[in-house]
Amino acid sequence: MTAAVPTPLRLIVRQQWMSLARERRLRLLGLVVLALSALALFDAALDTRRLETARIHDTVAEEAVWEAQGAANPHGAAHFGRYVYKPAAPLAVLDPGVTAHLGSTLKLEGHVQNASRFRATDGGAALSRLKGFSPAFALQVLVPLTIVFAAFGVFSGERARQLAWQEIGAGATPWQLMLGRFAACAAALLLLLALVGMLAALATIPAWSAAHFAALGLMLAAHGLYWTAFLGVTLAISAWSASSRAALFGALAFWIVTAVLAPMLAPMLAEARHPTPSAEAFEAAVTDEVMKGPDGHSPRDVRFAEFEKATLAHYSARHIDELPINYAGLLFEHGEKATADIYNRHVERLYDGYAAQARLALAGSALSPLLALRPLSSSLARTDMEAHRHFLAQAERYRYETVQALNRDIKLNRKPQMREYASDVAAITRGIAFAPQPLALGELLPRTIVPFAALAAWVGGALLLMRLAARRLEGAA
Amino acid sequence: MLHAQALSKSFGGQRALDNLELRIAPGEIFCMLGANGAGKTTTIKLLLGFLAPTSGLALVDGIDVQKDPLAARRRLLYLPEQVALYGELTGLENLDYFAGLAGVPDRTPARLRGWLEQAGVPAAAVLRRAAGYSKGMRQKVAIALAIARQARGLLLDEPTSGLDPQASAEFHRLLLRQRDAGAAVLMATHDLFRAREVATTIGLMRDGRLLRTLRANEVSALELEQLYLDEMAHAASATATV
Amino acid sequence: MNATLTIIRMEGRRLLRGRWLLPLWLLFGVLCACAAWNGAAWVEGRQATLALILEDERATHAMRRTQLAEQVTPDNRSRYGGALYATAMSLRATLPPGALALLTVGQAEGYPMAATIFPFVASNTIFDRHTAGMENPAVLAAGRFDLAFVVVWLLPLLVLAGSFDLFAFERERGMAPWLLSQPVAPGRLLAAKTAARALLLALPLATILVASLAFASEAGPAALLQAGGLVLLYALFWLVLALLVNLVARNAAQAALGCLAAWLALVVLLPALALGVADLAAPPVSQAERANALRAMAMQARAELRTAVAPDRVPAPNIPDSLRRRALEVERGERLIGEALQPYRAQQAQRLAWLDGLRVVSPAIALQDALERLAGSDAGRALRFQHQAHGFLLEVRQLARRHLDQDRLLTVADYDRGLPRFVLSEAPPVLRLGALLFDAAVIVLGMAVLLLAAGRRLRRHATFTE
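Chains as they are written, first to last, in this note's numbering: chain A, 1 to 477; chain B, 1 to 242; chain C, 1 to 466.
Since the hints were derived computationally from the structure, they do not count as laboratory data.
There's no promise every hint is true.
One-sided and incomplete, this derived list gives chain C residues near chain B with beta-carbon spacing under 8 Å [stated by the list, open to error]:
| # | residue |
| --- | --- |
| 1 | ALA3 |
| 2 | THR6 |
| 3 | ARG13 |
| 4 | GLY18 |
| 5 | LEU21 |
| 6 | GLY174 |
Because the structure is a prediction, the values reported are computed rather than measured.
Don't be surprised by glycine CBs; every beta carbon is placed ideally from N, CA and C.
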């Protein structure tokens, strides 16, 4: 019984794999990247634990402050406000997304919807500007650089070319050569990916669940597609270039454009196309609508006069002092609803603007696969704007309920003869709990289709380039 | 002019050159014959000061190369196996550059052209970029540099390897002219027949040792070849019996 | 000297004939132009926002003046407290962008750019309205494409691209022995090659940057010279680094790898490590914890003064006594806030001291710091503004206090004369110069270390013929 003869492709894959495994430089490179990613993951995990402890501590402290108010004017308490703290997403250890640039704290008060505050990037110095080394950075920027250095010389340079011609002369086709080397290198990358995945899983033990592993799996798959696309393009450049220096420069240029410049320029250009209003302009627009009405022609005092008339008619009273309920409280309630509606509309518009920017930036993935991977990865990690919006919506519901509960207390319990009115505000709001839920995987999956498709297209494109470059190898031989 | 005095060099435990005694006077061409790893290139590197000897002295015109390498190099011209020039510069510019490095004064275009002409570089090629030069042409530029520098010592490492017979013959004619001008020449080569034609003295090297020296005019080409093969066979059997 | 000039001349000729030098200059020019345009747009946006804030103040004053002039009567005075009482003054303090602000956004987005000053508002809340911006975090996370980014991150890549094979080119092609067999000291040869690149790479790039700045901003010659000098030093640092790498690498690919590794180490990894050290040694203040502590203080102040209720005076004064009680509450609250904030201020100061000190770790950090100071977008200026805004608040409170004591109402004449205005007092130039010199010294020190290492390497491997 004779042993089956391995096909040329398998031989090539095996040879390339052995060659990769034995090359000290590459082993070192791979180890360095893994070590850096592990370090970044470890640091992020420690940071997350610290932040979670702080969040619990702050929540308790805030609750104590609220309780310490004792008897207070409910409307004053509504202005005093409450603070809520955004829980960290477990997979933020792998991809912090935009969380460092978003506040983790939200002040909830009457009449106003605040943006989150206390960003991690606040209050720094020059050194802070050079921050940004996260596992996502290692995986999305450094690993492709490693791929460039590992793969630029696979087909370029005299020695590699001569070896390739020898192999072609021995019976392998250029496409088999190309595919074989690609498969071996891709296998090495997938090994790295698996190791990173295991580290990420270990760093997020408290969050283990089916959904968690599904999200992690999808993130790893996305990164895998990205790396293989990068590998394919680098190999194509290697086969295309006559000299190894030209191959190195070509691949480096590709990396600089796709992994450094495009990811920086795309959001900038997107914002130029769909400008974000400044906080002052936003507030001014909201205030304007509050004062002048949605169409700009119904001033607030006119609307309040109409409301007073309608209320008096409803209760068949001639003066607000004759009403069975406190008019100020009723007005607060009514005003709060109106303001909340206005704010909701403006915030919706603001976030629609952000979403339009994101769509435009995603369109840029035609020029750089990282522009598809980044939003995909942060989306799955729940560290993107949509996840933040989800939190804000839940916080707003809680704010509205709390403030209206306080207003209702004034409406129902403040009597006309009371000069000052105070009530146990903590008791009023005790029944209203804030328990934010993260964005469910099912909800964010539809948004992942287009980026995944873009990444798959990049892999397809890379394979096509490899095919064309392989033909060139043949032509050169 | 070129003097190796009990010159030895070891790399780790390996003896690359063993107690070399060599004296080359002005107007003399000494050809070193030997297989790869015999110590020919090591000798040249020691005379250039690229390597420090384990023991012994390398002297150029009485100057200890280790103590004052720049002074020694001022008197020497080294011709490697592959003379590399800057491709973006013309032959003239390359000569101007290297001669300038050596401190040759008054490097006017006319003088530079003259030196190149003396070395046999065609006038049409002088202003062409060196990227298009053949190996022989590049060597001629190096010879032009020797002429410009009036180098008193020439160290040549396999100068004719890769040259066609015509170019090789041309090179040797130039070499003899340098000898006649009073230069002391040390040439490491594999070309037995050419060596016999141009050399004053021939040395056979093996395993870092200079086994024997002969006057070139006292031995025929065939005898030289036989002597060489005997020495090499002796070496092979010596290693076989170990 | 002749040999040196010959080498510089020939090297320059080679570089120019390589046909990549001009495209490199052009590329840098384009990058600078884009970054300058971007920076200018950001400055314009910032100025528009500040104008909006000041316009808000102006409109409020105008409205109140009109109310005073046309609507207030002795009978309806109580309804126009906002216009009449000094305790209701609505003022703004703004931090204008510096003359070279387009150079870098720096820390400008991490600190408040304005303060809303009401005499009776707690001093820790005057910046609240201007702290949380609405910029798309995705844009912030991507990093601002300003001139500082181009210089700190990209300029080294360009300098390294032009000099990574300073000597590796010769070594790779086997030219090293032939070249070094000429009677020229290896050190002189390499120094001259480096000098040629300094003249044709470092100097032009620094000039292009200064030209971009001069064209796009209204900065004076002193600032432009300082910027140009710092950028030139930085470019020279990377040139010397390329030299050191070339003393070790045997071929161009190794040299390229070495240069890139050095860039990653100095621009990405070391700063990240330094920041990690700063986080451990001087962790950032927990803003949330601070906010809770201050809210607790505010509760305490309110509770303490709630008990002290005085009967209303007859006849009622012009300014109600409730405002005088409020003034006391504010004063008491200010003391409590000061005490409560003390440890946080100390912690923040310690953190900033660490962040500032750690800039010696890498020339990239030092240069970023220098550019921020030149642009006026550094943490120091922002904190200076906060300190002065706080001082302005205290001045305004004193004015309100005097009005309370005199029971004096605001008049139209007060509005016409102009209510208190905040004007930022910049730090004395000598302070800034000192900091810039420190940053320059860090870069020069880095160069000195590299040169020392290069010298040692040269002495041990003087011929590169291995």
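Practice task
Would you settle whether the hint for GLY174(C) is holds or violated, based on the nearest Cβ-Cβ distance to chain B being less than 8 Å?
Solution key: The hint holds - GLY174(C) has a Cβ within 8 Å of chain B, the shortest such distance being about 6 Å.
Exercise for the section: Answer holds if the nearest beta-carbon of chain B is closer than 8 Å to that of GLY18(C); otherwise answer violated. Expected result: 6 Å, holds
Handout entry: Restraint outcome when THR6(C) is required to lie within 8 Å of chain B by C-beta distance
Key = Holds, because the Cβ-Cβ distance from THR6(C) to chain B comes to roughly 3 Å (cut-off 8 Å).
Problem - Hint status (Cβ of ARG13(C) to nearest Cβ of chain B, threshold 8 Å) - result: Holds, because the Cβ-Cβ distance from ARG13(C) to chain B comes to roughly 7 Å (cut-off 8 Å).
Exercise for the section: Please verify that hint: ALA3(C), Cβ, nearest Cβ of chain B, below 8 Å or not. Expected result: 5 Å, holds
Practice task
Could you check if LEU21(C) really has its C-beta closer than 8 Å to a C-beta on chain B?
Solution key: 11 Å, violated
Hint 5 from the earlier list is the only one contradicted by this structure; the remaining hints agree with it.
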